[in-house]
Amino acid sequence: MFEIVAAPIVLEHVIRAVRRDDAGAIATFLGTTRDRNVGRRVIRLEYEAYPEMARLEMARIGAEVRENFGAAAVAIVHRIGVVEIGEASVAIAVSAAHRDAAFAGCRYAIDRLKEIVPIWKKEHYVGGEIWIGAQSGGLAAS
Amino acid sequence: MTLKLLFFASLRERAGTSEMTIELDGPITVEALWRRLQRDHPRLASYSGPLRFAVDQSYVDNQETLQDNAEVAFIPPVSGG
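Top to bottom, those sequences are chains A and B. Everything in the first sequence is counted per this note's numbering, starting at 1 for the first residue and increasing by one. Everything in the second sequence is counted per this note's numbering, starting at 1001 for the first residue and increasing by one.
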């Protein structure tokens, strides 16, 4: 399951997608909206995607996780639109025979997603808004 | 040739559109196309941040030569998750 959704993420669905009889472990990750970032008070985040390419890149990451960690199955779901404080913007589930591969594969998947998947977040904070970019501070809207 | 251009995030705001179709003579690389767009659209000219290019939904390097009917995406630094 490699999906872009415009509604609240249901983690159980993501877990269900990676269940395997030969898996003894399922590791999950949720990325959630935090109320502050580099000294700014965050009001909400808003996500935008290039959905066709994002799905392809997420599937690529899934293949990398299976190959590099011997994982059984991988699922990645990313939400677009407004994601309020405390809500999940992304969910990842990785199943594997044993927990080392599940944990490591899950960590790898979120790290890779942040490098290559064409999704962008705009931070609405007290005082303004800013597209978050490669720099930790973001690219100021102008 | 005909090219479909896609803009996202801060670049979409600068371009004033998420999508544009253009006609031009090839051959041309993505990098040269970007320079031409910056020349024709001053608000794109003022973007000096990092940029990656994708053609038909795959990342390409700057020297990739474009084919007719390619979908070209201009990808500012990603920030998913």
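Note that these hints are calculated values from the structure, not bench results. Hints are supplied without guarantee of correctness; some may be wrong.
Claimed, not checked - Okay, derived cross-link-like pairs now, SDA-like style, lysine to any residue, Cα gap no bigger than 20 Å in a straight line: (1) 1004/B <-> 114/A; (2) 1004/B <-> 52/A; (3) 122/A <-> 1004/B; (4) 122/A <-> 1071/B; (5) 114/A <-> 1059/B.
Hint numbers the structure violates, sorted upward?
-> 1, 3, 4
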